[in-house]
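Going line by line, the protein sequences match chains A and B.
Each residue of the first sequence is one higher than the one before, starting from 12 at the first, in our numbering.
Each residue of the second sequence is one higher than the one before, starting from 169 at the first, in our numbering.
Calculated directly from the structure, the hints in this document are not laboratory data.
C-beta: ideal position from N, C-alpha, C; glycine also.
Among these hints, one or two may not hold up.
Between beta-carbon pairs, the in silico distance windows are [to be verified]:
#1 A:Gly-449 - B:Gln-196: 26 to 34 Å
#2 B:Val-320 - A:Leu-77: 53 to 61 Å
#3 A:Thr-500 - B:Asp-448: 55 to 63 Å
#4 B:Asn-178 - A:Ser-507: 49 to 57 Å
#5 A:His-366 - B:Gly-309: 22 to 30 Å
#6 B:His-475 - A:Arg-575: 54 to 62 Å
Far from chain B, by Cβ distances over 12 Å, these chain A residues were calculated [said to hold, decoys possible]:
#7 Pro-223
#8 Pro-255
#9 Gly-306
#10 Arg-502
#11 Asn-555
#12 Arg-567
#13 Leu-600
For reference, the chains in residue letters:
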Amino acid sequence: MGVLEAAPEDVAVRKRPSPVNDFSMVVATVNGTGSQTANLALLRAFFKMGIPVNGKNIFPSNIQGLPTWYHIRVSHEGYVARRHTSEILVAFNQTTVHEDIQNLPEGGVCIYNADWRSIPQRDDITYYAVPVNQFVRDTGMKGKLRDYIANMVYVGAVAFLLDIPIEKIDEALHHHFNGRRKLVDSNMSVVRAAYDWSAANLEKQDPYRVEPMDATAGQILITGNDAAALGAVFGGVTVTAWYPITPSTSLVDALNTYLPQLRTDPETGKATYAVVQAEDELSAIGMLLGAGWAGARAMTATSGPGISLMAEFTGLGYFAEIPAVIWDIQRVGPSTGLPTRTGQGDILFTYYLGHGDTQNVVLLPATVKECFEFGSTSFDLAEQLQTPVFVLSDLDLGMNNWMSEPFTYPAEPLQRGKVLSADEVQEKGFARYKDIDGDGIPYRTIPGNEHPKAAWFARGTGHNANAVYSERPEDWVSNMARLAHKFETARELVPSPVLDEAADAEFGILAYGTTQFAIDEARNRLAAEGIKSSFMRLRALPINQDVRDFIARHKRVYVIELNRDGQMHKILQTEVPALATKLVSLAHLDGMPLTARWVVEAILEKREAVNGDR
Amino acid sequence: MSTKQQERSNLIGLTKVDYNGGPSTLCQGCGHNSIANQIIQVAYELSIRPQELIKLSGIGCSSKSPAYFLGQSFGFNSLHGRMPSIGTGAFVANRNLRAIGVSGDGDTGSIGMGQFKHVVRRNTRMVYIVENNGVYGLTKGQFSATADEGQVLKYAGENEFPPVDICLEAIIAGAGFVARSFSGDAKQVRELLKAALSFNGTAVLDIISPCVAFNNQDTSTKSYSYGKEHETPLHDFGWVPPSEEIVIDEYEPGTMKVVEMPDGSYIQLRKLDEDYDPTDKLGALHRLQWAQQNHEFITGLVYYNPHRPNLAEVGKLVDTPLAYLPAEKLRPPKEKLDEIMAELM
Numbered sequence: 012m013g014v015l016e017a018a019p020e021d022v023a024v025r026k027r028p029s030p031v032n033d034f035s036m037v038v039a040t041v042n043g044t045g046s047q048t049a050n051l052a053l054l055r056a057f058f059k060m061g062i063p064v065n066g067k068n069i070f071p072s073n074i075q076g077l078p079t080w081y082h083i084r085v086s087h088e089g090y091v092a093r094r095h096t097s098e099i100l101v102a103f104n105q106t107t108v109h110e111d112i113q114n115l116p117e118g119g120v121c122i123y124n125a126d127w128r129s130i131p132q133r134d135d136i137t138y139y140a141v142p143v144n145q146f147v148r149d150t151g152m153k154g155k156l157r158d159y160i161a162n163m164v165y166v167g168a169v170a171f172l173l174d175i176p177i178e179k180i181d182e183a184l185h186h187h188f189n190g191r192r193k194l195v196d197s198n199m200s201v202v203r204a205a206y207d208w209s210a211a212n213l214e215k216q217d218p219y220r221v222e223p224m225d226a227t228a229g230q231i232l233i234t235g236n237d238a239a240a241l242g243a244v245f246g247g248v249t250v251t252a253w254y255p256i257t258p259s260t261s262l263v264d265a266l267n268t269y270l271p272q273l274r275t276d277p278e279t280g281k282a283t284y285a286v287v288q289a290e291d292e293l294s295a296i297g298m299l300l301g302a303g304w305a306g307a308r309a310m311t312a313t314s315g316p317g318i319s320l321m322a323e324f325t326g327l328g329y330f331a332e333i334p335a336v337i338w339d340i341q342r343v344g345p346s347t348g349l350p351t352r353t354g355q356g357d358i359l360f361t362y363y364l365g366h367g368d369t370q371n372v373v374l375l376p377a378t379v380k381e382c383f384e385f386g387s388t389s390f391d392l393a394e395q396l397q398t399p400v401f402v403l404s405d406l407d408l409g410m411n412n413w414m415s416e417p418f419t420y421p422a423e424p425l426q427r428g429k430v431l432s433a434d435e436v437q438e439k440g441f442a443r444y445k446d447i448d449g450d451g452i453p454y455r456t457i458p459g460n461e462h463p464k465a466a467w468f469a470r471g472t473g474h475n476a477n478a479v480y481s482e483r484p485e486d487w488v489s490n491m492a493r494l495a496h497k498f499e500t501a502r503e504l505v506p507s508p509v510l511d512e513a514a515d516a517e518f519g520i521l522a523y524g525t526t527q528f529a530i531d532e533a534r535n536r537l538a539a540e541g542i543k544s545s546f547m548r549l550r551a552l553p554i555n556q557d558v559r560d561f562i563a564r565h566k567r568v569y570v571i572e573l574n575r576d577g578q579m580h581k582i583l584q585t586e587v588p589a590l591a592t593k594l595v596s597l598a599h600l601d602g603m604p605l606t607a608r609w610v611v612e613a614i615l616e617k618r619e620a621v622n623g624d625r
Numbered sequence: 169m170s171t172k173q174q175e176r177s178n179l180i181g182l183t184k185v186d187y188n189g190g191p192s193t194l195c196q197g198c199g200h201n202s203i204a205n206q207i208i209q210v211a212y213e214l215s216i217r218p219q220e221l222i223k224l225s226g227i228g229c230s231s232k233s234p235a236y237f238l239g240q241s242f243g244f245n246s247l248h249g250r251m252p253s254i255g256t257g258a259f260v261a262n263r264n265l266r267a268i269g270v271s272g273d274g275d276t277g278s279i280g281m282g283q284f285k286h287v288v289r290r291n292t293r294m295v296y297i298v299e300n301n302g303v304y305g306l307t308k309g310q311f312s313a314t315a316d317e318g319q320v321l322k323y324a325g326e327n328e329f330p331p332v333d334i335c336l337e338a339i340i341a342g343a344g345f346v347a348r349s350f351s352g353d354a355k356q357v358r359e360l361l362k363a364a365l366s367f368n369g370t371a372v373l374d375i376i377s378p379c380v381a382f383n384n385q386d387t388s389t390k391s392y393s394y395g396k397e398h399e400t401p402l403h404d405f406g407w408v409p410p411s412e413e414i415v416i417d418e419y420e421p422g423t424m425k426v427v428e429m430p431d432g433s434y435i436q437l438r439k440l441d442e443d444y445d446p447t448d449k450l451g452a453l454h455r456l457q458w459a460q461q462n463h464e465f466i467t468g469l470v471y472y473n474p475h476r477p478n479l480a481e482v483g484k485l486v487d488t489p490l491a492y493l494p495a496e497k498l499r500p501p502k503e504k505l506d507e508i509m510a511e512l513m
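Please take these sequences and the hints and turn them into a complete structure.
Right, here's the structure in full:
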């Protein structure tokens, strides 16, 4: 797809954006200078103006010094996918300024530091030079704070140039600093100075600007990792064991913020939860299985390399049938890969993780709302199915801020699964791995159960229905057959796919996770050209009958995903071998969130090839 | 119930048979079986309710043994070297559980060294037994990390690396209860087990347990004959359960050290070595190093420090086990979610 990526924007079906409430801007800064506060202030100011917005931080694996780009998309149509090009550049990184300016489209805008000696000149873009050093000097601040406050200069300039009311910046900073006025005021003094200077000295020459709308009223702005943590807190998480790894760390940070607020026992002031930072991911998942076995709702958050270390324990959890929830905030692998870039590369690995015959339940949230919901329901599923459950988010969803309608308080009570009390053991008897109900899910007891016959021995070795060591071939076969049967039961318990079907669709699209935003936009563009499609978004593996039916009733189904090998495509081919030839893989991975443009062009290219064959 | 059977019942009305596990599949004469028998005896004598005890292990000969004792207790035979993480998770899930973790020298000294050191650092409440024979039995005779330097084995040849000393590692990692014994010394193993069971954090018991199949040459410090001959007990060791009154009058002042256990029980150390003080960390390290250099092993309570809080205390966990909290303690009310949503608007 390299050729496609190099093609100019707006080919074929993209109409030229209107300059009001419909553009993308990129802020190029140096990592570690505190630009995140400035960027989030702009993002939230748009949001508070009622304009649909999305921000994506494209950052390096580095503490300080390497380039960072923050993309803000403003879209009155409500699109939140990444755009391939940005019309407005805030050039605050001298190292990348040449490339950044080259990337601007015709008619683009460049806001830059007037103190730089020279920057590339193009006669098809508008330049605004802002004397940053003067503002910084005027604040009298020293050292690192100067870098930080320099970022507020571009906030003021952008606010003037785009027509952002200055009080919206104030509101955004007020939110950012949790109402600490002193911090807000010191930042606002720089923003105001830059705004006033811009008003007096810059002549607005480009057409891009914003106007207030009413499209974000009642909405929230939150990252997927924060949402997942909130979901877990309201889902009754009791034990979290984890090892720091980008981009999952902020999920546990959020747990450490929310848990003390929400889950401190009011009577005793003590914690109804435990968060343990483990020595590695091996230990983290070991703690999950120990805790899950003992009856806790246990979770971890990690990313690809951590999943690799969790392979052996996952197999044990599957085989010994221990509940656990593993959040995988996907980044780009293999190996260390692109640790600060997004992807969907862990689908195959997590679905089959473990040696021998293993299958794992995998949840696939696409929105912050689903992160919240799955934060809670993943525990229900893990305990109902007595097995490790993976939740595959990604860096784009997890670390970036997304608009959402407010989260709904869970309607269902906690589902704790088939756990026998001492009385029930007395009444019904107990055989740990016996399929009493015919759904493959056995009953379990947890330590502390007082009945003398309640105890069982969890083990990774072959066992019979009573959890007693066994090497008998028939015991092995029947136990593994029951586990396979349990996985069939899982198909009906996991979240069902979301369907948007067009009556006269030419083809179907199957996807999962955050690619949906590019796909939604792409489908609208294609529909505007008369190319209708149906879209099914998977929310979990294993698939259910709905997915099979969807594939069956479409002539062709494009499976779109953010990896090189078309991993979901491979899984679906295996799941529905009779329909496999209908599935066409559209897979792409360069570390960046998918764009509508890529989806449109990839579909058009394949479509032409397929139609040409006929 | 006959009078004879009643006599055999402990304080909670269980007989010793109630503490049995399944039949052992380890080699006849294996030191590990002796340790399993002492665990049964101790649990019976202390009138421990099997329901409040969990048995944990990793992989290896030693790790099989939890199936051979306390059949009424929950058990978890996990992964090679990973028993500590299972124990940590179980402990934070249910702080009322007492855990006996059984590991081996390979399971702890090699593949599980990281988890061993870190479980000790966190002070997870657990009796951590290393059944130490210096050899890999299940895979038929490779050296483990605790094997003596210069030792010769039929399968593995000569060991060219210095041994890992489990007790030294435990002390350096911050363990507050570090003891060493010998599986052939049933009485001392029992007394140390009793004390370890009432310890509030991780209690490490390094028990030399000879492998009769692959490492019982008289030259090995982990062989039975070597052990019996070279054992230097640090002190006679008595333990008084909390339900009995502590009698100290019969002990001569100056020859005994009484150590109070957090649950109100005491351990009493009869000091044979007048200079030895188990609360002196540097002294303990020095003594272990000296013993290693002299190819001896000292037995008894090597190091004792009851002052570190355990993991549940550090985490300020509620008294009710997390695993047994009712739903209303687990899910905050709707108003709380609404408040947070309002803040995010």
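Here is what the structure says about each hint:
The supplied range of 26 to 34 Å is broken by Gly-449 (chain A) and Gln-196 (chain B), whose beta-carbon atoms lie about 44 Å from each other. Checked against the hint of 53 to 61 Å, the pair Val-320 (chain B) and Leu-77 (chain A) passes, with Cβ atoms roughly 55 Å apart. Hint check: Thr-500 (chain A) to Asp-448 (chain B), Cβ distance near 59 Å, so the stated range 55 to 63 Å holds. Separation of Asn-178 (chain B) from Ser-507 (chain A) is about 55 Å and conforms to the stated range, judged on CB atoms against 49 to 57 Å.
With their beta carbons about 25 Å apart, His-366 (chain A) and Gly-309 (chain B) fall inside the hinted range of 22 to 30 Å. In this structure the hint that His-475 (chain B) and Arg-575 (chain A) lie 54 to 62 Å apart at CB holds, the actual value being about 55 Å. In this structure Pro-223 (chain A) is separated from chain B by more than 12 Å, as the shortest Cβ-Cβ distance comes to about 16 Å. Interface exclusion of Pro-255 (chain A) from chain B stands, the closest Cβ pair being 15 Å apart, more than 12 Å.
For Gly-306 (chain A), the shortest C-beta to C-beta distance to chain B comes to about 3 Å, within the 12 Å cut-off, and the non-interface label is violated. Residue-level check passed: Arg-502 (chain A) sits 27 Å from the nearest beta carbon of chain B, beyond 12 Å. Distance check on Asn-555 (chain A): its Cβ is at least 28 Å (rounded) from any Cβ of chain B, clearing the 12 Å threshold; non-interface status holds. Consistency note on Arg-567 (chain A): stated as away from chain B, and its beta-carbon is indeed over 12 Å from all of that chain's, at 41 Å minimum.
A cut-off of 12 Å between C-beta atoms confirms that Leu-600 (chain A) is not in contact with chain B; the least separation is 31 Å.
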